[in-house]
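Make the full structure from the sequences, and use the hints.
Numbering (our numbering), first residue to last: 11 to 274.
Calculated from the structure, these hints are not laboratory results. Don't take each hint at face value.
Unchecked claim - Label-pair ranges, simulated between beta-carbon atoms:
1) Leu185 with Arg54: 22 to 30 Å
2) Ser52 with Tyr137: 33 to 41 Å
3) Ala182 with His208: 41 to 49 Å
4) Val90 with Trp21: 22 to 30 Å
5) Ser52 with Ser234: 20 to 28 Å
6) Pro153 with Ser179: 35 to 43 Å
7) Pro227 with Leu126: 27 to 35 Å
8) Arg213 with Ala18: 20 to 28 Å
9) Pro211 with Ala18: 15 to 23 Å
The beta-carbon is built from N, C-alpha and C at its ideal position, and this holds for glycine as well.
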Amino acid sequence: MGHLDHAAFGWLTPVLSYAMACIGAALGLRCTVRALGATGRSRRNWLVTAASAIGTGIWTMHFVAMLGFGVSGTDIRYDVPLTVLSLLVAMVVVCAGVFAVGYSRDRTRALLIGGLTTGLGVASMHYLGMAAVRLHGDVTYDPMLVALSVLIAVVAATAALWAALNIESPVAVTLASLVMGAAVSSMHYTAMFAVDVHVTPSREALPGATAMQFIFPLAVGLGSYLFLTSAFVALSPTTGEREASASAQQTVERATGGRPARTV
Numbered sequence: 011m012g013h014l015d016h017a018a019f020g021w022l023t024p025v026l027s028y029a030m031a032c033i034g035a036a037l038g039l040r041c042t043v044r045a046l047g048a049t050g051r052s053r054r055n056w057l058v059t060a061a062s063a064i065g066t067g068i069w070t071m072h073f074v075a076m077l078g079f080g081v082s083g084t085d086i087r088y089d090v091p092l093t094v095l096s097l098l099v100a101m102v103v104v105c106a107g108v109f110a111v112g113y114s115r116d117r118t119r120a121l122l123i124g125g126l127t128t129g130l131g132v133a134s135m136h137y138l139g140m141a142a143v144r145l146h147g148d149v150t151y152d153p154m155l156v157a158l159s160v161l162i163a164v165v166a167a168t169a170a171l172w173a174a175l176n177i178e179s180p181v182a183v184t185l186a187s188l189v190m191g192a193a194v195s196s197m198h199y200t201a202m203f204a205v206d207v208h209v210t211p212s213r214e215a216l217p218g219a220t221a222m223q224f225i226f227p228l229a230v231g232l233g234s235y236l237f238l239t240s241a242f243v244a245l246s247p248t249t250g251e252r253e254a255s256a257s258a259q260q261t262v263e264r265a266t267g268g269r270p271a272r273t274v
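Shown next, in the form of structure tokens:
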């Protein structure tokens, strides 16, 4: 049995992965709040942005944490197509949950169905990502810890969707995102503690890419996407600000008899 190291770089990967989960959650919550105050195409666009932010945050959290994963006695490689598929799964299932909440009239039912669907999807993303791991040996799982990790994923997803429906103020969104980030990180490390590896020494080259060749550049790219999207959302006016601006413009036009106001 190989010795498993879940933090080969010390606290660096756990802290960075937690930060990615929090940023994705915060951005997703803010976009969902914007979506619920919008209509038509604008609502759809905000929901897509929310889903991509949460999905990207969860996936980036997982694989940043995996940068610190090592097994004594064997190298580790990643199957590129399966790793990319795990990202797509994260995006699709989160999108399904967010849209269920964003468009359903019965929000309690949508919350339960969306939370269950999204939670199972997040767990599927994690274990699909683990299926992409290539090493010299056999990987087995503790069924009880696997079940616990899936339960944590469902609870975390349901809490995230509930927060999207009920939390609006920036301070509350920040606190909720910190809690959600902790929940997602707990799910990941619970699932990782379920792993056992029986190493079979071999000199054969492993297929796939190393973490630094593939995972690290992709995680950096997705992290950059989160930061840039955060800046866009922060600078984009809210529905209330747009309505206030339009109201002020109408007031000025009435006061000037429809003529544009003079500037000095």
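A quick look at each hint next to the structure:
1. Leu185 with Arg54: 22 to 30 Å: About 28 Å separates the Cβ atoms of Leu185 and Arg54, which means 22 to 30 Å holds.
2. Ser52 with Tyr137: 33 to 41 Å: Holds - the Cβ-Cβ distance for Ser52 and Tyr137, about 36 Å, lies within 33 to 41 Å.
3. Ala182 with His208: 41 to 49 Å: For Ala182 and His208 the Cβ distance comes to about 47 Å; the hint holds.
4. Val90 with Trp21: 22 to 30 Å: With a Cβ separation near 29 Å, Val90 and Trp21 satisfy 22 to 30 Å, so the hint holds.
5. Ser52 with Ser234: 20 to 28 Å: Roughly 25 Å apart at Cβ, these two residues keep to the hinted range, so it holds.
6. Pro153 with Ser179: 35 to 43 Å: holds (41 Å)
7. Pro227 with Leu126: 27 to 35 Å: holds (34 Å)
8. Arg213 with Ala18: 20 to 28 Å: holds (23 Å)
9. Pro211 with Ala18: 15 to 23 Å: Holds - the Cβ-Cβ distance for Pro211 and Ala18, about 20 Å, lies within 15 to 23 Å.
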